[in-house]
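Q: Chain residues, written in single-letter form:
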Amino acid sequence: MRSLIDIRELSVDEIDELVRVANDIIDNPAKYSEKCKGKILATLFFEPSTRTRLSFESAMLSLGGNVIGFSDSQNSSASKGESVADTTKIVSGYADIIAMRHPKEGAPLVASLNTDIPVINAGDGGHNHPTQTLTDLLTINREKGGFDNLTIGLCGDLKFGRTVHSLISAMSRYKNVKFILISPDELKIPDYIKQTELEAKNLKYVETTSLDDVINELDILYMTRVQRERFFNEQDYIRLRDSYILTPKKLESAKDDLIVMHPLPRVNEISVAVDDDPRACYFKQARYGKFIRMALIMKLLEVK
Amino acid sequence: MIIGQIKDGIVLDHITAGKGMTLYNILGLDKLDCQVALIKNAESSKMGRKDIIKIDKVIDLNLDALGYVDPGVTVNIIKDGKLAKRQNIDIPKRIVNIIKCKNPRCITTVEQELSNIFVLTDKENRVYRCLYCESKAK
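Protein chains in written order, with the numbering used here: chain A, 1 to 304; chain B, 1001 to 1138.
Calculated from the structure, these hints are not laboratory results.
What you are looking at is a predicted structure, and each value in this text was computed from that prediction instead of being measured.
Some hints here could point you the wrong way.
Cross-link-like lysine-lysine pairs, in silico, DSS-like; alpha carbons within 27 Å at most [stated by the list, open to error]:
1. Lys188/A - Lys1136/B
2. Lys1123/B - Lys159/A
3. Lys1102/B - Lys80/A
4. Lys201/A - Lys175/A
5. Lys1123/B - Lys201/A
6. Lys1100/B - Lys194/A
Could you put the whole structure together from the sequences, leaning on the hints where they help?
A: Listed below in C-alpha cells is the structure:
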C-alpha cells in the first residue's frame, strides 16, 4: 500500500488527478458519501493541530468512513515511551489508513516503513506537510484556473516554513512560474531549497525584504506565520514575529485578481480588516483542505 | 621506515593523507587483536602524500564507511603473500549507522533504536542527507 510522506512523491499527473477528483467532490458531494464505508482512519496526532486533524476527520466521515485516534501525545502510549514504529504496528491492526502529525521530523516515514497500511504525513516538525501543499494547489487551481504563468509571492518565515518549501517544490514543476521570496534576512529561504528547487530547474526568483516593493507584481501572495515552536530562542521569536503584517493599505497597490493565501492559523500577520477583501482566500483555502484530503484518502485506499 | 609484508590480510592503499586515523576509527580497527599498521604521509608518485593501513588478517570491511570517508581508497586483499584481489571503492548511495544526524528535531534523536541512514543526494559535491529529516550530513 502506498503512503504519502512528501509531496515530491506525487507526479504532476497524480496531483492533477487529485485536484480533478477534489473539484468533482465539491460539485457532487453525494456521489462520494459512501465511498469509504466500513473503512477506518486513525488520526495519530502527537502534536496539537485543530485544522489539519479536523479536516482529515471530516474528510473521512464525509466519505462514509469512521475515525479513531488521539490528538495529543499525552493521551497516547507515546507518553509511556512507546516508539513510533510500535504505535504504528498496533494501530495498523485497528485502522485502514493513518494520518500522522509528529513534532519530530521523519516520524511519519518511520511509521510508513513499519506498516502495510497507507500513512499520510500530516506534518512532521518543520519538515514536510504534503496535504497542506495539496490544499494550496487546489486553492490555486480553483481561484486562478490553473498553475502556469503565475507570479507567487511567499512572505514571512521562509526559513522554517515547511508549507513554503513544499509549495515551491510542487509549483516549480509548472510552466513559467516566478517566485518572489519576501522575508527578513534572518528568515530567508535555506540555500538547499534555492539550489535544488529553483536554481537546478532554472526558475526565475527574486529575494527581497520589502513586501511593498513587489506586491503589485503578484498573482498570489502566500503569507506565513512566524512560529514560536520553531525557535529555540524566545527573544529571536519576539523580534521577528511582527516583521510583515498585511493590511488593507498594503493591498491598495496589488492587482485586482490577486489571491491572498495563508496556511492558518494566523496570529497577526494578516490584519482582520483584510478578511472582507474579496482577494482574501485563506478561509476558503482551509475549506478546500477537506476536499483534497477526501480525494487523497480515496486514492491511497484505492477506492474508485 | 620499513613495515613488513603480510601473508594473509588487507592493505588499504591510496588513503588521502590525514584520513588514515579517521578510517582506523570508523572501521573499528582498534578492536582487532591482529597486527595493524597505520602509515601516515607515505610518499606517493600519484598523490604526493598518502596514508596506508595494513591489516594482518582478512576481515569483513565496511566498504560503505570506507567509501563515505575516502572514496579514492584501493582495497588490496593479500593471500599467501600475493595480491589476490584489488578493489576500487565507489561512493556509497546509502550509509547506515556510520554517522549520526545532528538535527535536534530529527526523529532519530529521540528514538535511539532507529538506524541512522543517510542517502547520497548530490554525487558531484558528495552531499548526504538524513533519510528521515533530510538534514545535510556534517
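Q: If a hint holds in the structure, say so; if it does not, say that too.
A: Checked hints:
1. For the proposed pair lysine 188/A and lysine 1136/B, the alpha carbon gap of about 18 Å is at most 27 Å, so the pair holds.
2. Restraint check for lysine 1123/B and lysine 159/A: the C-alpha separation of about 25 Å stays at or below 27 Å, so the hint holds.
3. For the hint linking lysine 1102/B to lysine 80/A, the alpha-carbon distance of about 25 Å falls within 27 Å, and the restraint holds.
4. Annotation: proposed proximity of lysine 201/A to lysine 175/A holds, straight-line Cα distance about 11 Å (limit 27 Å).
5. Under the criterion of a C-alpha separation no larger than 27 Å, the hint pairing lysine 1123/B with lysine 201/A is consistent with the structure, at around 17 Å.
6. Pair hint lysine 1100/B plus lysine 194/A holds up; C-alpha atoms about 25 Å apart against a cutoff of 27 Å.
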